[in-house]
Structures are given as structure tokens and as C-alpha cells.
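Let the hints inform the model, and build the full structure from the sequences given.
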Amino acid sequence: VQVDVRTLFGQPTVAALATTLGQAHQVQVPDNLIPAGCSHITPGMLPLVALEQAAIDRIIAQIPGGARNVQDIYPLAPLQEGILYHHLSAQGHDPYVLQSRFGFASREHLDNFAAALDKVIARHDVLRTAVLWEGLPQPVQVVWRQAPLVVMKRDSDGEAMLDLSKAPLIRLLYTQQPGTARIEAILQFHHIVLDHTAMEVVGEELIGYLQGAAEPALAPVPYRNYVAQARLGISQAEHEAFFREQLADIDEPTLPFGLSDVQGDGRDIEEAQLWLRDDLAQRLRQQGRQLGISVASLFHLAWARLLAAASGQDSVVFGTVLLGRLQGGEGAERALGMFINTLPLRVDLGEVSLREGAQRTALFG
1 VQVDVRTLFG
11 QPTVAALATT
21 LGQAHQVQVP
31 DNLIPAGCSH
41 ITPGMLPLVA
51 LEQAAIDRII
61 AQIPGGARNV
71 QDIYPLAPLQ
81 EGILYHHLSA
91 QGHDPYVLQS
101 RFGFASREHL
111 DNFAAALDKV
121 IARHDVLRTA
131 VLWEGLPQPV
141 QVVWRQAPLV
151 VMKRDSDGEA
161 MLDLSKAPLI
171 RLLYTQQPGT
181 ARIEAILQFH
191 HIVLDHTAME
201 VVGEELIGYL
211 QGAAEPALAP
221 VPYRNYVAQA
231 RLGISQAEHE
241 AFFREQLADI
251 DEPTLPFGLS
261 DVQGDGRDIE
271 EAQLWLRDDL
281 AQRLRQQGRQ
291 LGISVASLFH
301 LAWARLLAAA
311 SGQDSVVFGT
321 VLLGRLQGGE
331 GAERALGMFI
341 NTLPLRVDLG
351 EVSLREGAQR
361 TALFG
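For the record, in the sequence shown the residue sitting at position 218 is 218 according to our numbering, with numbers rising by one throughout.
None of these hints come from the bench; they were simulated from the model.
As the structure is a prediction and not an experimental result, all values here were calculated from the model.
What you were told as hints is all true, and nothing was included just to trick you.
BS3-like, lysine-lysine: derived pairs with alpha carbons at most 27 Å apart:
(1) K153 <-> K166
(2) K119 <-> K153
(3) K119 <-> K166
Simulated restraints on C-beta separations:
(4) L247 <-> Y85: 19 to 29 Å
(5) V150 <-> Y85: 17 to 27 Å
(6) S235 <-> P35: 29 to 39 Å
(7) E252 <-> L354: 24 to 34 Å
(8) V150 <-> D251: 44 to 54 Å
(9) E108 <-> L306: 45 to 55 Å
(10) E200 <-> R267: 25 to 35 Å
Every residue gets a Cβ at the ideal spot worked out from N, C-alpha and C, and that includes glycine.
This is the structure in C-alpha cells:
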């Protein structure tokens, strides 16, 4: 289903949002018009992106195997554009390269793991996707028909950043433990093509192949479906009008303790977790039900009040993360790709009670 920003922010609870879904307009995703074995791709074969022949030829020249190895070409989803910006701004370190560590008893076990992962890559379009932008009117993602997993010995001096122009945006680095058959490996992947939910799907399918299971029963859901929903659904002008209405009178940023121009490349991120006591978690749920709002709205309000105290402002604006799979169409819950989105949330506090503040926050967060 397609859910526009105004509808999404305008519903205080998931139940209320559910009542609007039947009214939503379903975007008709155009077919992929590039046939297998195609040796010459033309603008008419690309219904999701407007490119002249010269730009298409420039893209094809960068793909191993040429046009015959190109399955599809389409634009980036909104958050992918932001991630690409940070990738280009990074100075020798990309904060969106994520990794998982594995240990293997032998090289044979490593090879079996890589072979199973290759099957997952072959099954999902987004895992065979490269991102190109140089010399093009807009960044595009190009789905390769074949993009084997890169398995390489790890360089102790450090590894180069993932090259977004080369699929797959996932690689396996390994080191042999001296004097033993044991191998330590790091699986690196780029956040521009995978979110947390997608990695869970990859893990499930990977385990299945390692255990000798057959192909998953459900067909993979192409990421192009979500891109089509994002690009062909609610217009950019409508989104801009909504946020212009919400933010037009905000003339200064929300700066805790007056700190501005704070830059970071992700190297020094520290992560901390604090588990809420069961009784507190239950009270939060009860409070949300009594107010007819989500627990997320209570946390948004708490964060807004903290920012207000730290910045000295009554109206604060901060970013919140949304699960974009609501816009992904049928099967999006099992699709691979980058589906989350970040949006600005405004909370007006002023001289209002906690109850009124919570209900106001729920209208937009």
C-alpha cells in the first residue's frame, strides 16, 4: 500500500493508521523491459528513470560484461541518496559500511559459507546492485545479472572502502590463524542496499542453504518495487508542501547546549544499551493506551522535552526514523533493500501540560 506523509503522521495509533490503508492508492509498478541477453539498452527500456542514450552508454561501459550483464537501471530511493552523500563526503572512512564477524574451523567451511551466500546474492536483485553517479544527470542503481561474491584475504594494514560502482556491495574478508586450520572472517556490506530487516532475511536464507534446504518457497521481491512506490506515488511537491507548512516558521536549528557545526565520520560512535525495567515498560504501554497514542510518541515527547531544556527553545525539531516498508508494496516485509527513512519531527511545547504535549506529539510522531 501507499501511505503519504500526511496520513502517516496524522494517525495517533497503528490501529488508526490501519483504517486508512484501504483508502490508499496502489502505485502500478511498471515492468522491467530489459530482456535477457539484451545487447543494446535504450531509453524506452527504462520506465523508472529518464536517461538519454549517451548516459545509458556511459553506464554500460562501466559494467563487466556490458549490456548483457545489466538486468535493470533505476534511481535511488530517498534515503539512499542521503547515504550516497555521506559516502562521497567521507574522508577515508565510510560510516555506512557495516560488518559481522564469523569463525570457521577450516577453509572448507569458509568456502561452503561463501557458496551459500553466493546463492542468496543470485536470488536477490539488490545484492547484485551497483550505484553510479559520475557523469550522469542523477545517481542510479544498476542491477547486474551476475555479481559473484568477493572473497579475499584480509590486509592487516586495513581495507579500502567498498566501491559503490562494483556489485555486489558485500564482501568476505578472512585471515588464517597461525598454526591452525581456523579462519576468522568479516562479512562487510553497505547500508545503501541493506537495512536491519533485510540482513535478517539474508541470514535466514543463508542458514537454509548451509543446511541443504531447497530454494525458499516465496519468490524474492525486487527492490525496484519500493523505488517505484517512492518515485511514482506521492509527488515531491506534495511532500515539500507538507514539510514547508510544518517548518516554515522555524528560523533556527535545535542546538543542545548551543553546539553547532558538529562533524563526525562515524569512527568514534559509541553504543550504549539500557534495558527498561519490566514495570516501567508496562506503565509506558498503559499510559499510551490511556492517551490513545503509541509508546513511540511518549519517547518522542520525552526527547523533545530534553532537547528543549538543553537548547532553551519551546519548539524543537529533530530527526526520527520510519520503517519505509509500509510503502514497499506487497511482500515488502520479506524484501531486501534499504527501506527505512529519516524525517524531521517538530514538537511544540510551550506552556502546555504533559498530557496535551503527548497528544500533540502523537499527531505527527
